[in-house]
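A.B. asks: Sequences and hints are given; from them, build the entire structure.
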Amino acid sequence: MSGATFYISVDGVEIEATEGQSIIEACDAAGIYIPRLCHHPDLKPSGNCRVCTCRINGRNGSACVTPAAHGMVVENNTRELTDDRRAVIEMLYVEGNHPCPYCVASGDCELQALGYRLGMVAPTQPYQWPARKIDATHPDIYLDHDRCILCSRCIRASRMEDGKTVFAFEGRGIAMRLNVDAEGGLGETQMAAIDKAAGVCPVACIVIKRHSYRVPNGSRRFDTAPIGSDIEAKRKGRKL
Amino acid sequence: MNSSNTSAVESILKEFEEDRTRLMDIILAVQQRFGHVSDEAVQTIATSLGIHAVEVEDMVSFYAFFDRQPRGRVRIRLSRTPISFMKGANEVARAFEEALGIPIGGTSADGAFTVEWTSDIGMADQEPSALIDGVVLTELTPADVPGIVAALRAPGDDGGPLVVPSHPSEGAPLPKAVVRSSLVHAGALLSGPRGPGDGIRAALALSPEQVIEEITKSKLRGRGGAGFPTGMKWRLTRKAAGRDHYVVCNAGEGELGTFKDRMLLTEFPDLVFDGVTVAGYALGARQGLVYLRGEYAYLLGALQDVLKTRRSLGLLGTNICGREGFDFDIRIQLGAGAYIAGEESALLESLEGKRGAPRDRPPFPTERGYLQQPTAIDNVETLACAARIVEKGATWFTALGTKESAGTKLMSVTGDCARPGVYELPFGITVNELLELVGAPDAAYVQVSGPSGHAVAPKDFGRRIAYEDLSTNGSTMIFNAHREVLEIALQFADFFAGESCGWCTPCRVGTTLLRQGMEKVVAGRATLADIAALESLGNTVMRMSRCGLGQSAPKPILSTMRNFPELYEARLAPDSFTPRVTLQDALREAVAVQGREPVAEEVEV
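If you read the protein sequences in the order shown, they are chains A and B. Final position of the first sequence in the working numbering is 240; the numbers increase by one with none missing. Final position of the second sequence in the working numbering is 1605; the numbers increase by one with none missing.
Source of the hints: derived by calculation from the structure; they are not laboratory data. Only a predicted model underlies this, so the values are computations on that prediction, with no experimental measurement involved. Where is the CB? At the ideal position from N, CA and C, for every residue including glycine. Please note: incorrect hints may appear among the correct ones.
[Stated by the list, open to error] Footprint (simulated), chain B over chain A, 3 or more residues, beta carbon under 8 Å: (1) 3-11; (2) 15-24; (3) 100-112; (4) 162-170; (5) 200-208.
[Said to hold, decoys possible] Some chain B residues close to chain A (C-beta under 8 Å, calculated; not the full set): (6) HIS1052; (7) VAL1054; (8) GLU1055; (9) ARG1571.
C.D. replies: Here it is as structure tokens:
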């Protein structure tokens, strides 16, 4: 980052951005929350989930992969975008198997938290009921593919942060799945519970064994405050 | 895998210099040699290339023509499109099922045959068509099938490998293994004498900047459908800083109903290669790549021969046409069954030996394309136009067509018409004029520019083929009043669901949901609320998807809703609510397990 600063407008609020920042990074720094799922602040963005889609200079684009540029006009919190984002969240719900009431991640799940924040009551689309298996071959981690939302966070973390490339996609379209780097399952890979890849899953696909209920339901991250409120607490910038 | 198999994979790896970016060719060769890519082969390849097995699997599992498990030694792939169905593909499929004793998608017990559906193979003017290994069969009828199966069985009677003769030297050709010429009407681009290299020699009389200037003045725009000004693309690529510059010819032609690039590559390969070389000169590139869709593998041998001849004529290689320092060559990269690989950034990923998932832009390929170097990606037809423009001048070109759409367009015309094929027509022609020309007096619905284009109803037949009106990649499917428009829309929806790359949520999940919604409409079970929800879903998928595939996947549904609302009305369920699943469907599994239908409840009188 060269450090040159400029201004962009987000929902009529002028905020400062730095050369090299994406729109989502500039907004995070300014305390404006753009809903997102696959983006993670420590990882290179990949634009999988499309939840952070904004209207950028009049055209739709993902805020995580679009570099901020001087004078950019961004619409984020609009009725249409909220509806579209909720529809995308619904798609992820019906694509996998997500039984929130008895899921280990309930209250700590970004998918669930976004459903609440975006006003999803129940999915209006048909459940796909895919048949997916649990991989419990690793002594410290299990993979519950039912919950996987194909956000690629673990893929990116394992490749770039851990230097292990334990994960990749397999197949295409609706048949696409998360795959591990061994025929015999996760237990035969280099994966360790302390890896970055083990800690970035937004849902309960990658779960550390024997840790699940250390924080009880009711006092988890999103039980106490809606997703994005940590970012919004930093709110600054001025109304145009 | 035994050691001789391992060494065969190793020698394939050596042939491609253990180059990670040539993974496509490596896997193509392994698939060709063994009929599938085994776990052991994946491991050998990964070790040799210094990557992880999971990365090889990621790429292999993406393409429809690669298999991880062995299938039949002969692969019969039947083209599944609305046009092939109109022409009797279903009946041909039944005949194959009968002759082989296996259902579509199955493999015969002796491991000799697998028969399955595949997406459009680029033979829409001669459907029903099939790909048998690399060989194309056209205009099939059920009566042809026993002869084809017998011919395939003959060499394998002694238990040896089955050979599909792709060349006369390998035995008698299969029945119907003929692709006839598709060109029906040639216009200014394709008429008149020209020799190999004419375009290059004309370009060399100008400086590279002047070539770009001439292309800009000609107002040439991309012929693949997007219509980006070619001159601007070349200028941006030329001025972008990079170690190398590349020109890529997009022959991924996967849109349903299009085959004009196949026609160009079959009948005018020198014109196309002239165009690639002219672009190379203009961009300052040393390497051109032609991305040829896997379905067109049967053209590869002939195209390689043309390239060889061009090298011997000094039209490729070093000091081309005697110009000191103009060194340029062309490599043909074969694809492996992925419609999305026609999207330019997905094509680049595929060229680099990865899964064909589109890239985010910026950066644009003109800045960072193939191997992160400045790259101009142009459609086959665009490059053919470019060669002619430098030969004949920009004003020759702008004299044709309309103000905003200079030149001519190759139209791939199919369906309910007397003379299907490729027509070269000036931009500005109306749909009505086109229908008259091709002999389609009773057209009731025309799908312009493939499923991602426009569903045109008779009220709009006065509209013009041009970027400013009905923009098109050339695919023109004509349907008469006896065809079921909504079923065709469902087939298009099914096509997109099958070809979605899966990278982004709205397209990966949305295309399947759209197909399911449309199934309910076609079954006559959709309520008014269902149709409103389907429209809303379509709009979300269009607005939220990452690339052109998802952004246009809802169009067959949305544009038939707009232009044929009466057809939706006719299928409307009269209820305010119908469940997604009928009671019969819900009980199907239980019925199968129990082996009997539920007993009807006794009705009290």
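A.B. asks: Test coverage of the region 162-170 of chain A by chain B using CB-CB distances below 8 Å; three residues minimum.
C.D. replies: With 6 residues close enough to chain B, the hint holds.
A.B. asks: Per the CB criterion, is VAL1054/B less than 8 Å away from chain A?
C.D. replies: Nearest chain A Cβ about 4 Å off; hint holds.
A.B. asks: Are there at least three residues in the region 100-112 of chain A whose beta carbon sits under 8 Å from a beta carbon of chain B?
C.D. replies: violated (count 0)
A.B. asks: Take the region 15-24 of chain A, compare each residue's beta carbon with every beta carbon of chain B, and decide whether three or more fall closer than 8 Å.
C.D. replies: violated (count 0)
A.B. asks: Taking 8 Å as the Cβ threshold, is the statement that the region 200-208 of chain A is covered by chain B upheld or broken by the three-residue rule?
C.D. replies: violated (count 0)
A.B. asks: Against chain A, with CB atoms and a cut of 8 Å, does the hint on GLU1055/B hold up?
C.D. replies: Hint holds; GLU1055/B Cβ to chain A Cβ min 6 Å, cut 8 Å.
A.B. asks: Go check the region 3-11 of chain A versus chain B for me, would you? Three or more residues, Cβ under 8 Å, otherwise it fails.
C.D. replies: violated (count 0)
A.B. asks: Regarding the hint that ARG1571/B lies at the interface with chain A, is the smallest CB-CB distance below 8 Å?
C.D. replies: This interface hint is violated because 19 Å lies over the 8 Å limit.
A.B. asks: With a cut-off of 8 Å on the beta carbons, see whether HIS1052/B makes it to chain A.
C.D. replies: 4 Å, holds
Comparing the model with each earlier hint shows violations of hints 1, 2, 3, 5, 9; every other hint is respected.
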